[in-house]
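Asks: Given chain L, work out where chain Y should sit, using these hints.
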Amino acid sequence: MAIGQSVKRKEDARFLTGRGVYTDDINRPGQLHAVIVRSPLPHARIAGIDAGETLAAEGVVAVFTGADMAADGVGSLPCGWLIHNKDGSEMVEPPHPPLVAERVRHVGDQVAVVIAETRAQAKRAAQLLDVDYEDLDAVVSCADATEDGAPLVWDEAPGNTCYDWELGDREATDAAFERAAQVVELDLVNNRLVPNAMEPRAAIGEYDPAGGNYTLTTTSQAPHVVRLLMGAFVLNLPEHKLRVVAPDVGGGFGSKIFHYAEEAIVTWAAGKLARPVKWTAERSESFVSDAHGRDHVSHAELAVDEQGQFLGLRVRTVANMGAYLSTFATSIPTYLYATLLAGCYRTPAIYCEVRSVFTNTVPVDAYRGAGRPEAAYLLERLVDKAARQLGIDRIELRRRNFIPKDAFPYATPVALEYDTGDYEATLDLALSQADWDGFESRREEAAARGKLRGIGASTYVEACGIAPSAVAGALGARAGLYESAVVRVHPTGSVSVLTGSHSHGQGHETTFAQIVADRLGVDIDAVEVVHGDTEIIPFGMGTYGSRSLAVGGSALFKALDKVVAKGKKIAAHMLEAAADDIEFADGQFKVAGTESSVALDEVAFAAYVPHDYPIEELEPGLEETAFYDPANFTFPAGCHICEVEIDPETGAVELVGVTVADDVGRVINPMIVEGQIHGGLAQGIGQALLENCVYDENGQLLTSSFMNYAMPRAADLPSFDVGHHVTPCTHNPLGVKGVGEVGSIGVPPAVINAVLDALAPLGVGDIEMPATPERVWRAIRDARAAG
Amino acid sequence: MARMSLNVNGRDVSADVPDATLLVELLREHLDLRGVHVGCDTSQCGACSVLVDGRSVKSCTMFAGEADGSSVTTIEGLADGAELHPMQQAFRECHALQCGFCTPGMVLSAIDLLERQPDPGESEIREWLEGNLCRCTGYHNIVEAVKSCAAAQRS
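Sequences listed follow chains L and Y, in order. For the first sequence, our numbering assigns the number 1 to the initial residue and increments by one for each residue that follows. For the second sequence, our numbering assigns the number 788 to the initial residue and increments by one for each residue that follows.
Certain hints may be false.
Listed next, the stretches of chain Y that the computed footprint assigns to chain L, with coverage defined by at least 3 CB atoms under 8 Å from CB atoms of chain L [to be verified]:
#1 813-827
#2 830-842
#3 862-876
#4 881-892
#5 906-912
#6 916-925
In silico negatives: residues of chain Y with every beta carbon more than 12 Å from chain L [as the list claims (entries may be wrong)]:
#7 D799
#8 S857
#9 Q940
#10 S942
Rather than coming from a laboratory, the hints here were simulated on the basis of the structure. Just so it is clear, the structure is predicted and the values come from calculations on it, not from any experiment. Just so you know, even glycine gets a beta-carbon here, dropped at the ideal spot from N, CA and C.
Bound-form chain Y, shown alone:
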């Protein structure tokens, strides 16, 4: 067992978890953040993506212990009360989600992209999102949402 302390969605939390616990398990099962989804077992789908110290990470690729002392943002921590984060808002406006399963990881990954590149071209967006699978949308409206959020944030 390992004791770890981290900040999750602005709240300091401590947990005792077995050493081999993955970050996704800590978030989903110990902290009950059910918006962190598990869509595969080979670190391919990106549904479990979260922000660790602002960087998007597939939380199935990281031991919980590696996030000790970090600041983690999950989809639950993005909106400011009733006010959606601009990326969430853009996804809604552009119909960039259907079943909603890939959405949390997709939104968080897209936020990290705009942190690094505020004005990405379409191919940059598509290449960045390669690590996040969506089976519903065909990505068309996801790309539109990221473009639209980028434009809104620049203006």
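Okay, chain L solo, but in the shape it has when bound:
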């Protein structure tokens, strides 16, 4: 069972029987329970904290505040990407203490930690903590933050500006607009979302006073990153004294990449108290402490000539950072957003300005797609609007502007070089699967039933596996972006893989094992993939940005190459042949052109029991480590088509068809790949039709639980029709591109374009995400009133 087959997942055996081990499933002897006291106010000065009653409450062991952590020299949660302003100066980077001492800056901000023998005791005692707040004015939205005279979230950030950044050639773009036959303009909001992985975050800190060793068990997508950031910047713990374990993790979607305050709090407190300290978020806590996603306001202009050729694109975006800079926050609306504004098109001149602002809201960071959904939404809405304005068919307009398949590698005007793609192929596939040409009869049939039917498409390109490290570093990244893998062939021929990628639903234990089975010719059940423990795995940058297979899988491929190369030398000795004459296939080392061969397990045995072994030239053992730093991003692309029916009386949008054709490069496990696409689509449709993170004007979060934040449920979604077209990635050894985010990137504009197609006959030209029944009903009512 190897590459290209829908192998059933190895990890399912434990998940289906309740034997997965998630962080909250773990309890340590002598463990204490932490409850975080959070700010109920969006912006206030802490005038004083009286912990007397709390400390006297039953079971309470300790109460710590920001002052306690600061006095102990605890540092600030760092931001991993430095952005430079247009004038070359650095962004404003305010401190981000795990517990704040002076001023709370969003509802949910961490003020104190109450630690008790049981969770119930900690919870009761936390309610007794008397915090004296002096209310300050708050800013909530991008619009609020940029108003003249707006209250300041940070005194050091005038105008609430974190950075004012640009990408592209402004002069060339302005010149393109001067030549334009028409200019198409669009104002857009990319709605704020709450990632809501089903497993709430949790963390357990442990300290061994005998050896001075700390262990943090946490719900993380990137345990080595947490170790590096928390150890080096927050708690001043060297790596060899700090172990970070991310066991089974119940979904992440970006929200579990980041180093969070609670991780530092429990680890530090475990050291202070010399007992394990556990914290588990309640869902309502997740809503005010997990990083949110999106939250852009943009103005976009497209310059076109008479034939509909795109001449230039000008974009101005305000991005909400929230109150603090989360780990990757600053890179999302810049290098993962503006760089994608070429999309699938040959637009020769692009200029984008991004102003990121602080607000009194939860920090905003990467959420499934991270910048790329915002770019795809802007472009694909704009292209549809251009088609209407120009009177050109929207599919034809896309075709006229596509980068042709023979133009790769293609350098865009916004800093990327696409290595490969075939946008016509995925477009044609999707159009045919969706029966695009037959739509008008379906529209008429729906109209006869009193329904407004619409169809919409988006053709997107995205970028995965942020790389190479040197380029990312030149652009401000404060980390490398490679991955590591160890292949350990055991004496009897079974294999352990240690990977720095982290699986929290993606099925690496199966997909990575398929790669090993394919290369080494061993049974997939003879392969164990190990991840999520800094004590076991050499190093890792973790899983995000659809990088696991493209970067982590490539590291694994390199390590396998090294194993085979060493195995050939051992086999040459065993077969009394020259190493250059040894071929390896299907688990057999063979002297070329002969029947003389030796199996992998025999070679492995000889490597570990080197009685007859070229010991002077070769070390014993059969274990290899590889680090892989990609040469470029990978560029998945595709076409997503949605069909909707709208009830004009209620505004309810029914999604009646979702058809996608994606090019995610070479596919290792089609079953898992389709599952990833399904999941991304559900989140993208959620953004387009259901989900919206809403603060009131004072900074209170209104959508603060599953009671009022509209998560997609089974009956909200249709089944999906998923097709593939493959152009293999040209620069990684597996030819893979990445699949985790394509659904959430491609589909939101397809949904909204379909909704607008349905409403176009009524004269509705714009609608914001999510297109809720209320918004659609109002749009219909307003259009009728105006018409």
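Replies: This is chain Y only, laid out in the frame that chain L set:
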């Protein structure tokens, strides 16, 4: 404190727990059945669903005392040794799980559906599963798994 006796996964158990203990707390914390997951605090997500006398119940909506004398099945009690329950098997075959966190509740809820309606249509399945949130799969393969299990059980 209240003393209660119930049958959990075929085993008679007794426990002394505070009166306000929820069924989910009894199962997860007192009986160490860690497959009963907690995904929210508003009885919305369904990750803690179990079968109480054969009916799926969000175990966060019920006091432990209310289950006194009942028979409770959690995900740990479904498989017969190494042999998975047909619904577990269908979830595996159809790739109806990714991170696995919602899976226990989803599987148990789906079993209850087929007890009540052995041949559900797609919309019936989707409406039944409204009480169980999944963030990974988009529900597509979960619906396929329930259909496939129903077909297998009918044949």
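Asks: So, for every hint listed, does it hold in this structure?
Replies: Do the hints match the structure? See the list:
Counting residues of the region 813-827 of chain Y whose CB falls under 8 Å from any CB of chain L gives 8; the rule of at least 3 is met. Chain L is given as covering the region 830-842 of chain Y, and this holds because 3 residues of the stretch bring a CB closer than 8 Å to a CB of that chain, at least three being needed. Proximity of the region 862-876 of chain Y to chain L, defined as three or more residues with a beta carbon under 8 Å from a beta carbon of that chain, is established by the 6 residues found. Chain L is given as covering the region 881-892 of chain Y, and this holds because 9 residues of the stretch bring a CB closer than 8 Å to a CB of that chain, at least three being needed.
With 3 residues carrying a beta carbon less than 8 Å from a beta carbon of chain L, the region 906-912 of chain Y meets the three-residue requirement, and the given coverage holds. Residues of the region 916-925 of chain Y with a Cβ under 8 Å from some Cβ of chain L number 9, which satisfies the need for three, so the listed coverage holds. D799 (chain Y), annotated as away from the interface, keeps every beta carbon of chain L farther than 12 Å; the closest lies near 20 Å. Residue-level check passed: S857 (chain Y) sits 19 Å from the nearest beta carbon of chain L, beyond 12 Å.
Q940 (chain Y), annotated as away from the interface, keeps every beta carbon of chain L farther than 12 Å; the closest lies near 17 Å. For S942 (chain Y), the non-interface assignment is confirmed: its Cβ lies about 21 Å from the closest Cβ of chain L, beyond the 12 Å cut-off.
Going down the numbered hints, you'll see the structure goes against none, and every one checks out.
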